[in-house]
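Spelled out, the chains give:
2 protein chains.
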Amino acid sequence: MTGLAARGIFAAVLTPLDADLSPDMGRMVAHCRWLLAHGCDGLAILGTTGEANSFSVDERIAILEGAVAAGIPPEKLLPGTGACAFPDAVRLSRRALDLGMAGVLTLPPFYYKNVSEDGVFAAYAETIRRVDDPRLRMFVYHFPAMSAVPVGFDVIARLRAEFGEQVAGIKDSSGDIAFMTRLVEAFPGFSVLSGSDHELLPVLKAGGAGAITAAANIACALAAEVRDRFLAGDLEGAEAAQANLSAVRRVVSSVPAIAAMKALFARAGGDPGWERMRPPLVPLSAAQRRTFFEGLDEIGFELP
Amino acid sequence: MTGLAARGIFAAVLTPLDADLSPDMGRMVAHCRWLLAHGCDGLAILGTTGEANSFSVDERIAILEGAVAAGIPPEKLLPGTGACAFPDAVRLSRRALDLGMAGVLTLPPFYYKNVSEDGVFAAYAETIRRVDDPRLRMFVYHFPAMSAVPVGFDVIARLRAEFGEQVAGIKDSSGDIAFMTRLVEAFPGFSVLSGSDHELLPVLKAGGAGAITAAANIACALAAEVRDRFLAGDLEGAEAAQANLSAVRRVVSSVPAIAAMKALFARAGGDPGWERMRPPLVPLSAAQRRTFFEGLDEIGFELP
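Same order as they appear, the protein sequences are chains A and B. Residue numbers for the first sequence, in the numbering used here: 2 to 305. Residue numbers for the second sequence, in the numbering used here: 2 to 305.
No wet-lab data here; the hints were simulated from the structure. The reader is advised that the hints may include incorrect statements.
Which copy? The list can't say, so a pair holds if one copy fits it or any two copies do.
To be verified - Only pairs whose alpha carbons sit at most 25 Å apart, straight line, appear in this in silico SDA-like list of lysine to any residue:
id, residue 1, residue 2
1, K206, R268
2, K77, D133
3, K206, N245
4, K77, A225
5, K114, A222
Isolated chain A, as found in the complex (with noise of 0.2 Å):
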């Protein structure tokens, strides 16, 4: 890994699948080049968007060696390595730090509610101790709606103590600024990355490293403005920018997200196998479809 902090615009990437249902390296290799060349700094592939979950462990490693071997330049990956099972996480990891990635972007065990602090930090520690590489760069992954496993203040704090940069940030999808100012003002070069669209724009100016969103797989133009406008220190266009973002953002969230973006996909490119999903996601509803394609038109969006 590199060993530098992650910044910027991260998309959380889509996973294209084929007739099978399994991943598409065709058509996802040309999804990330698309959204590099349209504003992105990093790609976080296999997250929560990208329906990581949802694929075996061989099949997740698959993708990260896909991607490589079709020449995605692995320091702006930034890939997904949780899961329930620690010695998954820890042969994810490894093989993303093998092929050189950016760092690992690490959600909690979540099958067990309500665990106790002690616990989810045993998770980390154990992963983290059993990777075993200095080079190591774990971004911790909060997002309490979908995971229901928090990670919270104490545990990033102990994390930091035992670890040190090895636990190199946060993907924040809580939404919640005021934690991650926190964060922010507490540990010096820990990188703070909004999970939620809404929060890009604040938590720059709260001093945070980035976004790693959902809703740039389509308007990664709209969210490399709003980064654009404000490390220029044009505040007032960052604010247009950032509105003009949520608003995608609120059309997007109108309908089950991940299936929206795969149909707008879909539709641009006259593909209709980008739908698919795995379950247990599904395609949208002829319904559902028509009401996110309407709302997209009436705030004018466009693909860039």
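Based on these hints, arrange chain B on the given structure of chain A.
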């Protein structure tokens, strides 16, 4: 698989660990034998209580193979084969089938929340089609409090209509006896097993097949007494035994249940290693251990 419906008392078997936190097949096989010798009709290994989702698929398959190689009768085994990724559920279910096990107990994919009934149906259907073996006897696992993904009546009706007796039954850990009764009445030949100790006698009275329970790890003899008195027509005796079983369950539930039962075997066998847990679960604290043991003393519980 035997084609017989699962009936009676199944312990949701604990998984002991060695010092490296790997499954300890010596301790596990001994525990399986002890459970079969003390009233269990079968063994639901690799369920929630067995910390199954904290093990990789390879580790889970090694446990299935290890149990059978050590002489545990495969027709007594009802292993958990649920996974977030259907290729994992397929691999586990096929191996269980090839080893001659009685059936498989399959959680729905549990990462994504608020998924549609179509999605839950699709996940099961994809798994069953890909196992592609008429000998399959799958028990769906309804445990909304833990998985956060209910398996509702309509999903079961669609699965029974499409796959017949391959969808052989349910473990219902919701404790909703009205739902269990409805299933018994709607689907002749479908085995309804309570996942809650408290509902063992109620589900038997409703025409259900029995129970798969955590507390049976320590209270197997009490659960067997409920079954035996019920089958002998001694309803009053069955109610008394159920009250004793429920009392044990309440004590077990007063602390983290899995760690508690492991602590009891550690104490009983003078074997502290029995207490080990896979993160994110952790052993009991000293205070929790005291609460648990005092609670068992108060109700006069002893291991059989």
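Outcome of the hint check:
Taking the shortest alpha-carbon separations for K206 and R268, neither the intra-copy value of 36 Å nor the inter-copy value of 55 Å comes in at or below 25 Å. Taking the shortest alpha-carbon separations for K77 and D133, only the intra-copy value of 23 Å comes in at or below 25 Å, while the best inter-copy value is 40 Å. Taking CA atoms no more than 25 Å apart as the test, K206 paired with N245 passes inside one copy only; the shortest distance there is 18 Å, against 60 Å between copies. For the identical chains of this complex, K77 and A225 are intra-copy neighbours only, at 15 Å inside a copy versus 59 Å across copies, given an alpha-carbon limit of 25 Å.
Within a single copy, K114 and A222 get their C-alpha atoms no closer than 37 Å, and across copies no closer than 29 Å, so neither meets the 25 Å cut-off.
In summary, the numbered hints that this structure violates are 1 and 5.
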